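Chemist: Protein chains in written order, with numbering that gives the first Met the number 0: chain A, 0 to 272; chain B, 0 to 293.
Mixed in with the good hints there might be a few duds.
To be verified - Which residues of chain A face chain B? A partial, calculated answer using Cβ under 7 Å:
#, residue
1, Trp-5
2, Leu-18
3, Ile-23
4, Val-27
5, Pro-40
6, Ala-84
7, Val-87
8, Leu-107
9, Pro-110
10, Leu-118
11, Thr-121
12, Phe-203
13, Leu-221
14, Ala-227
15, Val-247
As the list claims (entries may be wrong) - Some, not all, of what chain B presents toward chain A, calculated at C-beta under 8 Å:
#, residue
16, Val-116
17, Glu-120
18, Gly-140
19, Trp-194
20, Val-218
If you're looking for bench data, these hints aren't it; they were derived computationally from the structure. The structure displayed is predicted, hence computed values, not measured ones. By construction, the Cβ of each residue, glycine as well, lies at the ideal position given by its N, Cα and C atoms.
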Amino acid sequence: MRGRMWKLAIYLFLLGFILNLLGIVTHVVVSSFAKRWFGKPLPPAFTTDWFTYAWREFELSHVLFITLFIALAVVFIALAIGFPAAYVLARRNFNAKPVLLLLYFLPLLIPQMTYGIPLATTLYGFGVGGTVIGVILAVLVPMVPLAVFILLPFFEQISFNLEWSAQMLGASRLQIFRRILLPLMLPGILTAGLLVLVNTISNFELAFLLAGGGSQTLVVALYYNVFAGGVRPVYSIDAMAVIYMCTVMAVLLVALRFVRPTQMVFRLDGRRN
Amino acid sequence: MARIRSDSRSELDLVAILCLTPSLLYVLAMFVYPFLYGIYISLQPKKRDAGIFSNYVAFFNDAYQCNTIKTTFMLALPTTIAVVLVALFLAYGMRRGIWFERTITTILVLPISLGVVFLSEGILGFYGHNGWLNQLLLAVGLIQNPLELTHNSIGVIFSLFMQNFPFCFLMLLGYISGIDPSLESSARMLGAGPWTIFRRVMFPLIAPGLIIAFALVFVMSFAVFPSAVMVGQPAGSTRTISIAAYQQAFEQYDMSYASAIAVIMGLCQLAALVVIVLVRRRMTIATTMGVGKR
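Take these sequences, add in the hints, and give me the full structure.
Modeler: Printed below as a string of structure tokens:
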């Protein structure tokens with residue numbers, strides 16, 4: 000009896016949490032379609048004008064282009080330099096390995112706001128602050144380690160024997176990479192790529208600190224508009240938020256076909272899943 | 000044969016080093032160097048004649064700046080305690096697996112992926128002065144005047160909770176379901192009730208993971224920036240330390256002072272981590288002694 004009450008309480012809480020989440024999301028969506036909405040449960044009239052308004056006034060085609068460009072560049076670079084590093088960390092033993100793992104883990108552990116300000120200072124000093132390149136360089140700081148830690152267990156699953164057999168049969172290193180490792184690692188590369196993509200699109204702190212006028216990503220532009228509250232109609236800001244949500248959800252839906260949801264959070268053994 | 004080598008021997012050859020170099024260089028150049036550079040310029044105040052620690056002295060002498068530490072702490076600590084307790088309660092109740100596990104975890108991942116900016120915008124609408132929650136409570140007659148849940152510290156704590164709870168819950172769920180279920184059955188066979196099982200068997204096993212989760216959530220909450228600005232009152236009751244650092248850097252253009260504040264923020268997080276690690280050590284000693292006594 001007591002056990003059942005306990006279970007009930009748990010499910011009620013989860014239900015409450017999910018309902019409040021749905022309420023928050025739905026409110027933004029409803030508001031983005033509202034003509035005028037004040038103090039009523041539902042707006043009296045609906046319109047899609049705010050989407051065209053937001054698209055035009057916030058230059059969303061440009062912002063979306065910048066966001067996708069930054070995200071794809073980050074995914075490509077993070078995979079290109081994370082892949083070989085993950086291979087060595089999974090396959091070789093050396094004295095400095097624990098130190099190296101800790102070093103790669105720190106950017107994921109330390110809040111981005113803490114290291115973002117010195118990083119922004121440095122990058123502005125190099126003259127890339129406020130540019131697209133600056134944003135890419137900054138967002139890569141947590142994304143390279145993220146790619147490494149996602150790829151690591153995928154490498155560990157591939158048996159040593161496959162590489163040795165290939166080597167015995169006379170394959171060169173390049174051939175082993177192209178014919179053995181790359182095909183077997185495709186699921187890992189896909190997982191890492193998608194998670195880096197989602198995280199880059201929704202990354203706020205670093206993109207915010209480095210973004211200038213022409214290099215704002217979608218979420219940064221959204222922040223500035225909420226922050227400047229009152230300058231623009233709230234419905235148009237919500238329309239922008241809905242466009243942002245759809246972008247993230249599209250990537251997320253693809254990602255969830257390949258990735259278990261729990262892969263998106265830390266595991267307590269100090270490594271990402 | 001290559002495999003008979005002992006573990007401690009280095010297996011780095013030229014190719015391995017070449018593979019590691021790009022990522023290592025990146026982390027060193029973009030993470031370690033800025034950190035050291037930040038500490039360095041925080042000791043080079045804007046005013047020429049000032050002493051090297053003058054930024055730090057200025058911060059701690061200025062109540063307006065110095066209070067941000069307290070403000071941040073008062074936001075981060077309640078959030079962390081609430082997140083960890085609720086997550087522990089839920090994850091413990093669900094350690095044997097749950098209905099619709101995949102659906103629930105997917106929905107929980109949503110707020111993490113949407114990010115705090117979107118969540119805050121939604122919270123402003125849903126929990127705001129004229130939001131759905133207030134309308135509902137007024138219509139039911141539970142309250143006479145609308146509750147003020149946004150643009151104050153309640154809003155920030157709530158936004159932080161939404162952002163950190165799923166993360167902590169999924170972490171603890173993974174950790175607790177990894178504990179050998181036979182320990183619990185043995186305890187039950189020996190006549191322990193649910194409460195005794197939790198206190199004597201499960202909690203000591205969960206404690207190390209719980210403390211790591213606590214540390215992670217606290218450090219993340221301590222750096223709160225977007226939600227403190229959007230759902231909080233950034234000029235007053237929720238002026239957190241990261242807002243102070245941001246204002247110095249991008250409104251006053253005093254990078255030296257801003258770096259000093261960032262260093263202080265990092266040190267606060269480090270101090271919290273040290274305290275948590277010490278507590279963890281004490282707790283592990285206590286549990287081993289408890290086992291020894293029996």
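Chemist: Less than 7 Å between beta-carbons is the criterion; does A:Trp-5 satisfy it with respect to chain B?
Modeler: With a minimum Cβ separation of about 6 Å from chain B (threshold 7 Å), the hint on A:Trp-5 holds.
Chemist: Return the status of the interface hint for A:Pro-40: holds when the least beta-carbon distance to chain B is below 7 Å, violated otherwise.
Modeler: 6 Å, holds
Chemist: Are B:Trp-194 and chain A close enough, Cβ to Cβ, to be under 8 Å, as the hint says?
Modeler: 10 Å, violated
Chemist: With a cut-off of 7 Å on the beta carbons, see whether A:Ala-227 makes it to chain B.
Modeler: 11 Å, violated
Chemist: Using the nearest Cβ pair, does A:Phe-203 come within less than 7 Å of chain B?
Modeler: 6 Å, holds
Chemist: Hint validation: A:Val-87 versus chain B, beta carbon distance must be below 7 Å. Holds or violated?
Modeler: The hint holds - A:Val-87 has a Cβ within 7 Å of chain B, the shortest such distance being about 5 Å.
Chemist: Regarding the hint that A:Ala-84 lies at the interface with chain B, is the smallest CB-CB distance below 7 Å?
Modeler: Result: holds, 4 Å to nearest chain B Cβ.
Chemist: Holds or violated: is there a CB of chain B closer than 7 Å to the CB of A:Val-247?
Modeler: Holds. Min distance 6 Å.
Chemist: Double-check A:Leu-221 for me: the hint is only fine if its C-beta lies closer than 7 Å to a C-beta in chain B.
Modeler: With Cβ-Cβ at 6 Å, under 7 Å, it holds.
Chemist: Let me know if the C-beta of A:Leu-107 comes in closer than 7 Å to any C-beta of chain B, holds or violated.
Modeler: Cβ of A:Leu-107 sits 10 Å from chain B, so the hint is violated.
Chemist: At a threshold of 7 Å, is the proposed contact between A:Pro-110 and chain B supported by beta-carbon distances?
Modeler: 3 Å, holds
Chemist: Holds or violated: the hint that B:Glu-120 contacts chain A, with Cβ atoms closer than 8 Å.
Modeler: Holds - the Cβ of B:Glu-120 comes within 8 Å of chain A, reaching about 5 Å at its closest.
Comparing the model with each numbered hint stated earlier shows that hints 2, 8, 14, 18, 19 do not hold.
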